[in-house]
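**Student:** Chains as they are written, first to last, in the numbering used here: chain A, 1 to 263; chain B, 1 to 223; chain C, 1 to 474.
By construction, these hints were calculated from the structure, which means they are not laboratory data.
Treat each hint with caution, since some may be false.
As the list claims (entries may be wrong) - With a straight-line cut-off of 20 Å between C-alpha atoms, the simulated EDC-like cross-links for lysine to aspartate or glutamate are: (1) A:K14 to A:D42; (2) A:K161 to C:D47; (3) A:K195 to C:E393; (4) C:K472 to A:E178; (5) C:K29 to C:E371; (6) C:K472 to A:E41; (7) C:K29 to A:D42; (8) C:K9 to A:E198; (9) C:K26 to A:E183.
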Amino acid sequence: MMKENPSAGSPASKPRVGLFVTCLVDLFRPTVGFAAVKLLEDAGCVVEVPTAQSCCGQPAYNSGDRAAARALARQLIAAFEPFDYVVAPSGSCGGMIKHHYPHLFDDDPAWQARAERLSAKTFELVSFLTDVLGVEQVEARYTGVVTYHDSCSGLRELRIKHQPRRLLASVEGLSLREMEEAEVCCGFGGTFCVKYPELSNRMVGEKAARIVASGADTLLAGDMGCLLNMAGKLQREGATVRVRHVAEVLAGMTDVPAIGEPG
Amino acid sequence: MSEAREQILATIRRGLQRGPLAGERREQLEARLAQPPRNLIPARAALPPAEQVELFVTLALAAAATVERVADLAAVPAAVVAFLSREGLPTDLVLAPDPDLTALPWDGQPTLHIERRAAVDGDKTCVASAFAGIAETGTLMLLSGPHSPTTLNFLPDTHIVVLRANRIVGAYEDAWSRLRERGQGMPRTVNWITGPSRSADIEQTIQLGAHGPLRLHIVLADP
Amino acid sequence: MHPTSQTFKANASAALHDAALQRALKNLKSGFPGKRAAAIAKLPEFDALRDAGRDLKNHVLEHLDFYLERFEAQVTAQGGQVHWARDAAEANRIVLDICRAVEARTVTKGKSMVSEEIGLNDFLAANGIEPIETDLGEYIIQLRHEHPSHIIAPAIHLNRDQVADAFHAHHGQYGFTERNENPRALMSEARQVLRQRFLNADVGITGANFCVAETGTTVIVTNEGNGDLTQILPRVHIVLASIEKIAPTLEDVSTFLRLLSRSATGQEITVYTTFSSGPRRPEDVDGPEQFHVVLLDNGRSGMLGGEFQDMLRCIRCSACLNHCPVYGAIGGHAYGWVYPGPMGSVLTPQLIGVDIAGALPNASTFCGRCEDVCPMRIPLPAMMRHWREREFERHLSPAGFRFGLRAWAFFAQRPKLYQSVTRIAARVLRWLGGRNGRIKSLPLAHGWTAWRDLPTPQGQTFQQQWAARQEKRS
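Chain A on its own, in the form it takes in the complex (with noise of 0.2 Å):
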């Protein structure tokens, strides 16, 4: 079923990738869901979206409650189990469909062998792009300094750390300045970041002067969680730091307004 080098195959063993769109994206940024398809489709694969998905389920497994995490999960894996492969553009969905779902279904062991076959298949979209399908570089142009903000669950669920940065070296008039402490969480914590908001505050209060001080004009993440934080810190303190995905500019999906610009 795993494919080693889709890209240099036929059609008819172009790889069936399932997009999990993600809440996130779904509801606020649908740009990225569209950016998603194009990487993956430019690189090759048959993308589908199939429609009976909603939320991974990671903020009840988060909060305790692991009997409908397990529902939301059972829902996904059936869903997305008919795939080569699956693909969402989050560190965050993509670990807890590789790593939790596993652990949610430790005493039913039918479930946890579905789980661990969808496990082996899942990624993030731009580890997927590289580490899975050998993409070195894009085609795309986008003008401006970027700082890249590491997203924990990508970071040190996934060790995504330089595959963005890869494919974000080949897009034409791109430049990357790092920030400092850029493995730092953002503060935003899916439900932490309202159950304890003056903590939240504090962090992603820093992040954003870090992401300034660094002095580039565009902050890109692979998170859509932790972008809708760090784009809000940083408009409600007046900053013009434009905030965008990571797979927009490596899509070349730039000419919409950056995440919380008036449009």
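Guided by the hints, dock chains B and C onto chain A, whose structure is given.
**Tutor:** Okay, now just chains B and C, sitting in the frame of chain A:
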């Protein structure tokens, strides 16, 4: 057999879902204790002897100790006098009542005032001898005993330790092997000492000389 | 110590607004993480050692009864005594009885978190015995009647001027009449004052970083040398150790030591690592005449075989505190009990109850940095999540939050319904944002909009647009 003891052990066994260990499993644990296996040892600790000495010196210096190499044990007293004079320190010494140290030619240093005993408050400089040096972190290993009172290592402002180069080993495990070869079991205290006393408890800035010695001077004697 | 974990949120808020605390916390962030990283960069085997350490401690926990009994036998064989304490009250009682038996009036103490856990200082003082903390940080906070805010740097919440004030207020009686803010001078002052206390103490109490079963040895690591003066000068040495501190052999301790100080202060090894076995030997000319080890359970044995067993691997290095963005923002006191930071957020609910400390495992973004730096590879976020599950099962989480979660899960499990709701949500949010592209204030999301704008959706949901595109294509 206290009630607390029995209850704690019972709760542990309940959690582990078994009774007291017996039979083969127990024998395996006994064997492991009788012949302790070595776990992973970092490559830096597995050097040829000459390089071990170099590494020991480098790391002891990095830990803010001072090190002076002398040709042989007989050269130690003169080196100690030179050190005290360089540092502008008094010439009163408390010497560990160790026959090997006592046998050194201290008589040739008439400026020294030497007492052989444990340390007391007010002692400025003490000289002790190390059982081993451990290269992997530049660490001295001293054993307590009638010839090597532990107070010498902590009460004085200046701690001078005599170490023979052939007592330097690579890894911590090598030091334990030497201790086992000695065949006298564990002394009351084994001190591993790496540099002089320090604290960073005020604003995380390191200051030397917290409660133990302000200076650690190692006289490294060949062989 | 009376816990204040129940008011964690208010504690955290106060901490965020405490200017002196915020100034002091900068020292933490600029210090430990960088030093740790530098030390680890010099040891290529570090990650392999973490695996070895984890496996070793798992081995210990699987055979904890056997090793504890062996440890006890070896201590006894060397003329020492082991005392077993089920809880804090028993441990305090044992220590008091030992002190009374030698008519102790003052007790010097090396740094011990177990001592904090059982509230020993207050107990001894209430029984007429003066406890004197000798670790510089512990000494400072004892003068200020505070508890440690960090497990290895107890006074990290303080600035030098606060230390100067404390010394100035207490050291006049020893002839130090001038107020001094220089850290070096402050340390020298403490050294002189405490030297006399070391010499006059009747009993010395230390903790234990490890208890070696093979030899009946307790091990402490320090940089100041206070732990050594505490144990070699008085007639009696009491070691407080919790039952999970066991290391089978001296070789095994060596593995743990390679992990401990690098993870803690970023040192390759601490200045002093001291291995203590029994009382002074008949031929010795110094050292304690009595050697007692108090083995404290206090709820730990109940963690074996359960979902929190892995927490017993903790060697108290503090790396998880030092790398935690929440700890870094508020310091340790806000956690409201003895153990702060991620390790405390897992351990505290176990030791004092999730009904009291339930806020702690919730106060995490699960950013995972703690697990990433833990030398014993303890899955700290997973265990905080286990506490949230316990809370959820016991209906301890707030009702409004539970209702919201349930409602959301109801829709999320019905994708068609969910998608029609998100279509409406997208329109409403976009309408609320108007032309700005973002919402400045949203009553139901006050926690968000009090400090941040909320970017609005772009327009139609992805699913809507995708469906339209598929229709066009076909």
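**Student:** Each hint needs a verdict: does it hold in this structure or not?
**Tutor:** Results of checking the hints against the structure:
1. A:K14 to A:D42: holds, 12 Å
2. A:K161 to C:D47: holds, 19 Å
3. A:K195 to C:E393: holds, 19 Å
4. C:K472 to A:E178: The hint is violated at about 42 Å.
5. C:K29 to C:E371: holds, 18 Å
6. C:K472 to A:E41: Satisfied, since the Cα-Cα distance of roughly 18 Å is no more than 20 Å.
7. C:K29 to A:D42: Violated - the C-alpha atoms of A:D42 and C:K29 are around 44 Å apart, more than 20 Å.
8. C:K9 to A:E198: holds, 9 Å
9. C:K26 to A:E183: The given pair, whose Cα atoms are some 18 Å apart, holds under the 20 Å limit.
In summary, the structure is inconsistent with hints 4 and 7 from the numbered list given earlier, while agreeing with the others.
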